[in-house]
Amino acid sequence: MNLLPKHMREFMVVPVCHDIQVNGQTIGLHESGILWWPDESTIIIADLHFEKGSSYATRGQMLPPYDTIATLEKLAGVMDAFDPARVICLGDSFHDKEGSDRLPATYRAMLATLQLNREWIWVTGNHDPLPPVRLCGETVDEVTIGGLTFRHEPSEDPARSAGEICGHLHPAAKVRRYGRAIRRACFVTDGTRLILPAFGALTGGLNVMDDAFSPLFEKRRFSAFLLGDNRLYPFTASRLVSD
Amino acid sequence: MAHQIDLLGKLEAGQSTLLIAPTGAGKTLAGFLPSLVELDARGRRKPGKAGPRSVHTLYISPLKALAVDIARNLEAPVSEMALDVRLETRTGDTPSHKRQRQKINPPDILLTTPEQIALLLSDPTAADLFAGLRTIILDELHALVTSKRGDLLALGLARLRRLAPNLRTIGLSATVANPDELRAYLVEQPDPKLRALAELVEIKGGAQPDVAILHSEDRIPWSGHSARYALTEIYQLIKAHRVTLLFVNTRSQAEAVFQDLWRINDDTLPIALHHGSLDVGQRRKVETAMASSALRAVVATSSLDMGIDWGDIDLVVNIGAPKGASRLAQRIGRANHRMDEPSKAVLVPANRFEVLECQAALTASLHGDQDTPPLRKGALDVLTQHLLGLACSAPLDPDATFDEIRSCQTYRQLTRGQFDRALDFVATGGYALRAYDRYAKLKAGPDGLLRIANPKIAQQYRLNVGTIVEAPMLKVRLIRSKAAGRRAPIGRGGRMLGEIEEWFVEQLNLGDTFIFGGEVVRFEGLRENEAFVSRSKADTPMIPSYMGGKFPLSTYLAASVRHILATKALWPDLPEQVRDWLKLQDQNSRLPEENGLLVETFPRSNKHYLVCYPFEGRLAHQTLGMLLTKRLERLGARPMGFVANDYALAIWGLGDLSLSFQTERISLDELFDEDILGDDLDAWLAGSSLMKRTFRNCAVISGLIERRHPGKEKNGRQVTVSSDLIYDVLRAHEPGHLLLEATWNDAAEGLLDISRLGELLARIKGRITHTPLTRVSPLAVPILLEIGREPIYGEAMDSLLEEAADDLVIEATGQ
Chain E
1 MNLLPKHMRE
11 FMVVPVCHDI
21 QVNGQTIGLH
31 ESGILWWPDE
41 STIIIADLHF
51 EKGSSYATRG
61 QMLPPYDTIA
71 TLEKLAGVMD
81 AFDPARVICL
91 GDSFHDKEGS
101 DRLPATYRAM
111 LATLQLNREW
121 IWVTGNHDPL
131 PPVRLCGETV
141 DEVTIGGLTF
151 RHEPSEDPAR
161 SAGEICGHLH
171 PAAKVRRYGR
181 AIRRACFVTD
191 GTRLILPAFG
201 ALTGGLNVMD
211 DAFSPLFEKR
221 RFSAFLLGDN
231 RLYPFTASRL
241 VSD
Chain H
244 MAHQIDLLGK
254 LEAGQSTLLI
264 APTGAGKTLA
274 GFLPSLVELD
284 ARGRRKPGKA
294 GPRSVHTLYI
304 SPLKALAVDI
314 ARNLEAPVSE
324 MALDVRLETR
334 TGDTPSHKRQ
344 RQKINPPDIL
354 LTTPEQIALL
364 LSDPTAADLF
374 AGLRTIILDE
384 LHALVTSKRG
394 DLLALGLARL
404 RRLAPNLRTI
414 GLSATVANPD
424 ELRAYLVEQP
434 DPKLRALAEL
444 VEIKGGAQPD
454 VAILHSEDRI
464 PWSGHSARYA
474 LTEIYQLIKA
484 HRVTLLFVNT
494 RSQAEAVFQD
504 LWRINDDTLP
514 IALHHGSLDV
524 GQRRKVETAM
534 ASSALRAVVA
544 TSSLDMGIDW
554 GDIDLVVNIG
564 APKGASRLAQ
574 RIGRANHRMD
584 EPSKAVLVPA
594 NRFEVLECQA
604 ALTASLHGDQ
614 DTPPLRKGAL
624 DVLTQHLLGL
634 ACSAPLDPDA
644 TFDEIRSCQT
654 YRQLTRGQFD
664 RALDFVATGG
674 YALRAYDRYA
684 KLKAGPDGLL
694 RIANPKIAQQ
704 YRLNVGTIVE
714 APMLKVRLIR
724 SKAAGRRAPI
734 GRGGRMLGEI
744 EEWFVEQLNL
754 GDTFIFGGEV
764 VRFEGLRENE
774 AFVSRSKADT
784 PMIPSYMGGK
794 FPLSTYLAAS
804 VRHILATKAL
814 WPDLPEQVRD
824 WLKLQDQNSR
834 LPEENGLLVE
844 TFPRSNKHYL
854 VCYPFEGRLA
864 HQTLGMLLTK
874 RLERLGARPM
884 GFVANDYALA
894 IWGLGDLSLS
904 FQTERISLDE
914 LFDEDILGDD
924 LDAWLAGSSL
934 MKRTFRNCAV
944 ISGLIERRHP
954 GKEKNGRQVT
964 VSSDLIYDVL
974 RAHEPGHLLL
984 EATWNDAAEG
994 LLDISRLGEL
1004 LARIKGRITH
1014 TPLTRVSPLA
1024 VPILLEIGRE
1034 PIYGEAMDSL
1044 LEEAADDLVI
1054 EATGQ
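Here the protein sequences come in this chain order: E and H.
Residues 1 to 243 (my numbering) make up the first sequence, in order.
Residues 244 to 1058 (my numbering) make up the second sequence, in order.
Hints in this document: simulated from the structure, not taken from any laboratory.
A couple of the hints might just be wrong.
Here are the computed distance ranges between Cβ atoms for each label pair [said to hold, decoys possible]:
1) ASP19/E x GLY879/H: 31 to 41 Å
2) ALA675/H x ASP101/E: 56 to 66 Å
3) ARG1006/H x ASP19/E: 50 to 60 Å
4) LEU676/H x PRO38/E: 50 to 60 Å
5) THR106/E x ASN348/H: 40 to 50 Å
6) ARG659/H x ASP19/E: 56 to 66 Å
7) SER214/E x ALA1005/H: 28 to 38 Å
8) PRO38/E x GLY879/H: 33 to 43 Å
9) PRO215/E x GLU992/H: 23 to 33 Å
10) ARG527/H x VAL133/E: 15 to 25 Å
11) GLY879/H x THR113/E: 58 to 68 Å
12) LEU676/H x THR144/E: 55 to 65 Å
13) GLU913/H x PRO38/E: 26 to 36 Å
For the chain H half of the interface with chain E, some residues (derived, Cβ under 10 Å), not all of them [stated by the list, open to error]:
14) LEU474
15) THR475
16) TYR478
17) LEU480
18) ALA483
19) GLY524
20) ASP646
21) TYR679
22) LEU769
23) ASP967
24) ILE969
25) GLY979
Every residue, glycine too, gets a C-beta built ideally from N, C-alpha and C.
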């Protein structure tokens, strides 16, 4: 297994999840950064940010044009391993409004293949408020299934937080050990709501200790699950440090 | 003076010249003499008639302070002789209206920096501005050429030669190991086979410097870098001299020495501190006080290494290892800025290995030996930046530009393939997947010339120019302590103490104490890009921040140290304690051979140690340590970590290494084989943070990632994150990309020092001596003492997380 280069190993996804309860539902967190809901045979993915590289290129900053394929390959690995009946993309699936239009034909075909025989739900995000063009799937602003609500941006209204599954913030967490700090993308949850890490290849992370998270989770009353090479690393909030 | 006349003769004949002279020989003024003569001979302008719209003489220095200083020194003779010559400076601090005016109505003599030259050359007025350029004076050339700034300047010179074919260059340099390289740097290289050289005028130093190693009554420590044992003697030296300059290698060392000196400063002598992360205002104050002889001593890092005359220094004390013979010679030259008097210097080794290094440097100083590094091969990221600048100034002809760039020594080995890829990188990012052609920044016209696609690109270029990429820094502000149990939020404001590297703050916990700005402070918290600290009553800081000398030991000094160790006839020059230490090593283990490698193995408190002595500097040792642990892990020797310093490398683990080597289960020759630089290196580089940091620099210089700008500052941390991601994606999908090539070249010479490691492995091939021991050897003690002080490497990030996560389980289950 270690004979493969690291970026190839990433695509060999082992469908073993870390089960947790959110609003009474049992769901599985996976180290690839996706959520697996076995009862509904559903995979949930946040912040794919397809075509981020080309979005920057239109403005003169020539980031590598390989972010979409890198994200797609990782996504294909996940699909192979879990073979879900339904996929929910939690918004910001494309980096900008024209992103889905710019999507090169080969990548479009690859994505279409992944969508075959599956229910596919695009939740809108601030980067992609409109349905993607020339792609299958249903587009919604938010959707509620069996006690869980899927929307892009977490709601600051506490009344709406129960069972909320969202993305948008690109959570990352930092742990310190032997004088060295380790920062990783992570899931963050208080058992009531869950925020997913960003899945896209060129997406950075925002520390969960940042002010942006304070209206969403009570201080020190949440856990972060850091993404590792082949497992998740759970930490309670009191063990995390800010940037 | 004789050399000035000699120089004048050569320059009047239109010849470019390298002037090598020790400090204090008046060489800077000599460089201007031909220009002043020529400008004066031009005759007086008639009143009302506009002057020429071109600069006559450019003066380029690595420091803007130096440019300002020289301008001041030059104004006096110009006005005394009533010359009709206008001279002005142009630096990052020059107000924009003045910079605009300089383009329309340029001065005769412009004193500036390499970055400003790049900016001027990217301007559409460049051709007019420099059409009448006659002379370029390059000050402190030896310092300029060692970095990417030197590459940028070399490219600028090539363009200036094209705009003003008759120009001559004057290089001013301290003594260097190989003057011919600088001579080649100064002139056009029209013939690929024959190296053209500038003329050379060399002035030998007047008096032989008076250098000695401090012999302390106290015991010389086995390890450490504080030189605290010699403090009383250093203080006595300060008292016995008018003005003493104390050089140290790192900022934290400067802090420590400064604090220690004040603790015993019973006579309250005015002793000051000067280093790069102190607030600018504070630094200026120290410099002014120094120039007016109001100080008795200054503790300084390399921030005071260069050029500017700080007054009447009569003693230089170098604390710690000199690291290089030329570096030491330049530091010593700061004492007695006059030719006829000998410079006086005292070397203070901080530990026993440094005694050997000081001895080697002392011998080099007596012989006048030099070890300045060889001329750099031009960096590709700098080339891309320059190409964009050229296109901003005027339509770019690829063929002519290639010839122009190849005509400078630094880029002589550039291939057409590399050049074309660099151009493609500027235009579209240079990716094999041609996804961005329609967004290209450079567009070819029907005439085959490349033009920028829109004016915004020129704006972006101007914001990004330069090759200095700052490490992410945090401002340090002094506030009142929260330690008394107050839980108030941290307020805004507080006095600015200076700046500190982000990585250092990252390893601090709230309440940790460290030294900054000469006092022990307590870390109170972090907010955006500011770190808050309060005064601490603690005597000693909890966090020792020493990260080892910034500069690795030079190859030359390393060889001398090995020579001293191997040659017993040289030992009588060493202090008795050090002699005894070496004799004990000879008895208990053996001495390292001059060209071989000594490997010792021994058990110690349930672990097995391997210590080797390559003497190739800590960067190369770190890389070697990383690679060896990987290899040992694969061979089942269960290594746990390693620590490296300038002289040695220690690896420890659970497997019995003595046994493995003796039974030949593991072959030392194979362990240290050169093939370690192949796949193992490649595998490690994939995730190496050093490589990512190097990539970030290249990405910023080449303009792939935008630089931070005052006003719309992007946090340094954000830049780091995204450049890491770009690196991962690029490595996975286009490993041959130009920027990865540039990153590799940098790493080989820089943070990883792979080229030196390669030389080491070749040198020791077949000459590795294994000495199994029952306990630690005298020579191994210093490196073992560094464990816990220097950062320890070798653990994979994931295993750290695992441990931290497991701790939590134990904590939770109460086991």
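Here's how the hints hold up against the structure:
no.: 1; hint: ASP19/E x GLY879/H: 31 to 41 Å; verdict: 36 Å, holds
no.: 2; hint: ALA675/H x ASP101/E: 56 to 66 Å; verdict: 24 Å, violated
no.: 3; hint: ARG1006/H x ASP19/E: 50 to 60 Å; verdict: 57 Å, holds
no.: 4; hint: LEU676/H x PRO38/E: 50 to 60 Å; verdict: 38 Å, violated
no.: 5; hint: THR106/E x ASN348/H: 40 to 50 Å; verdict: 57 Å, violated
no.: 6; hint: ARG659/H x ASP19/E: 56 to 66 Å; verdict: 59 Å, holds
no.: 7; hint: SER214/E x ALA1005/H: 28 to 38 Å; verdict: 58 Å, violated
no.: 8; hint: PRO38/E x GLY879/H: 33 to 43 Å; verdict: 40 Å, holds
no.: 9; hint: PRO215/E x GLU992/H: 23 to 33 Å; verdict: 49 Å, violated
no.: 10; hint: ARG527/H x VAL133/E: 15 to 25 Å; verdict: 60 Å, violated
no.: 11; hint: GLY879/H x THR113/E: 58 to 68 Å; verdict: 44 Å, violated
no.: 12; hint: LEU676/H x THR144/E: 55 to 65 Å; verdict: 40 Å, violated
no.: 13; hint: GLU913/H x PRO38/E: 26 to 36 Å; verdict: 50 Å, violated
no.: 14; hint: LEU474; verdict: 28 Å, violated
no.: 15; hint: THR475; verdict: 33 Å, violated
no.: 16; hint: TYR478; verdict: 33 Å, violated
no.: 17; hint: LEU480; verdict: 36 Å, violated
no.: 18; hint: ALA483; verdict: 42 Å, violated
no.: 19; hint: GLY524; verdict: 29 Å, violated
no.: 20; hint: ASP646; verdict: 26 Å, violated
no.: 21; hint: TYR679; verdict: 4 Å, holds
no.: 22; hint: LEU769; verdict: 7 Å, holds
no.: 23; hint: ASP967; verdict: 9 Å, holds
no.: 24; hint: ILE969; verdict: 6 Å, holds
no.: 25; hint: GLY979; verdict: 13 Å, violated
Taken one by one, the earlier hints fail for this structure at numbers 2, 4, 5, 7, 9, 10, 11, 12, 13, 14, 15, 16, 17, 18, 19, 20 and 25, listed in ascending order.
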